[in-house]
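Residue numbering for the sequence shown follows the working numbering, beginning at 1 and increasing consecutively.
Hints listed in this document are in silico derivations from the structure and should not be mistaken for laboratory results.
Ideal Cβ placement from N, Cα and C applies to all residues, glycine included.
It is possible that some hints are incorrect.
Per label pair, the in silico range of CB-to-CB distance [to be verified]:
| no. | residue 1 | residue 2 | range |
| --- | --- | --- | --- |
| 1 | Glu89 | Glu58 | 31 to 39 Å |
| 2 | Gly65 | Lys39 | 17 to 25 Å |
| 3 | Lys94 | Ile60 | 28 to 36 Å |
| 4 | Ser54 | Lys94 | 28 to 36 Å |
| 5 | Glu63 | Lys23 | 16 to 24 Å |
| 6 | Glu86 | Lys36 | 16 to 24 Å |
Below, in silico cross-link-like pairs of lysine-lysine (DSSO-like), each with a Cα-Cα straight-line distance of 30 Å or less [said to hold, decoys possible]:
| no. | residue 1 | residue 2 |
| --- | --- | --- |
| 7 | Lys88 | Lys34 |
| 8 | Lys36 | Lys23 |
| 9 | Lys39 | Lys61 |
| 10 | Lys88 | Lys22 |
| 11 | Lys30 | Lys94 |
| 12 | Lys88 | Lys61 |
| 13 | Lys92 | Lys23 |
| 14 | Lys39 | Lys23 |
| 15 | Lys92 | Lys36 |
| 16 | Lys88 | Lys23 |
| 17 | Lys23 | Lys34 |
| 18 | Lys34 | Lys94 |
| 19 | Lys88 | Lys30 |
| 20 | Lys61 | Lys34 |
| 21 | Lys39 | Lys88 |
| 22 | Lys61 | Lys22 |
| 23 | Lys92 | Lys34 |
| 24 | Lys23 | Lys94 |
| 25 | Lys36 | Lys88 |
| 26 | Lys34 | Lys22 |
| 27 | Lys36 | Lys22 |
| 28 | Lys39 | Lys92 |
| 29 | Lys23 | Lys61 |
| 30 | Lys30 | Lys61 |
| 31 | Lys61 | Lys36 |
| 32 | Lys30 | Lys92 |
| 33 | Lys39 | Lys22 |
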Amino acid sequence: MKKTFKTGYVHTWLHPFRRGSKKTFLIPLKALIKNKEGKSGTVFVANEENRLFSVEVETIKEESGFVEVLGNLELGRYIAISDLNELKEGQKVKIPKEQTPGLIEEKSY
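Starting from the given sequences, assemble the full structure and let the hints guide the process.
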C-alpha cells in the first residue's frame with residue numbers, strides 16, 4: 001500500500017537574495033528531523049519518480065514555525081511534513097494532484 005504524505009509549501013514573502021556562494025533554504029520546521037545536538041538534521045524530499053530520499057542539512061535559524069537550513073535541496077521539490085518517523089529511503093509516495101510543488105524558499109550568501 002502506498003503511503004500518502006502531505007507536502008509543505010513555503011510562501012514567497014521571503015525573497016531570495018545572494019551574498020557569496022552559500023545557499024540556504026527556508027522550510028517548515030515540521031519537515032525537519034533534528035539530530036541529537038539540534039544543529040543538523042534530515043529532510044525527506046520526493047524525486048521525479050515520487051520516491052523519497054533523505055537530505056542531510058545544517059540548521060541555521062528557527063523562527064515562527066520555519067527553519068533556515070543549509071544543504072543539498074532544490075527549489076520546487078515536494079518535502080514531507082508529516083509521519084516523518086515512518087518514512088523510509090526510496091519509499092514510493094503518492095502526491096495529491098491538486099497539490100502544488102512544496103516550494104523550498106532559497107536564500108544565498
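Please write out, lowest number first, the hints stated earlier that are contradicted by the structure.
Numbers 1, 4, in rising order.
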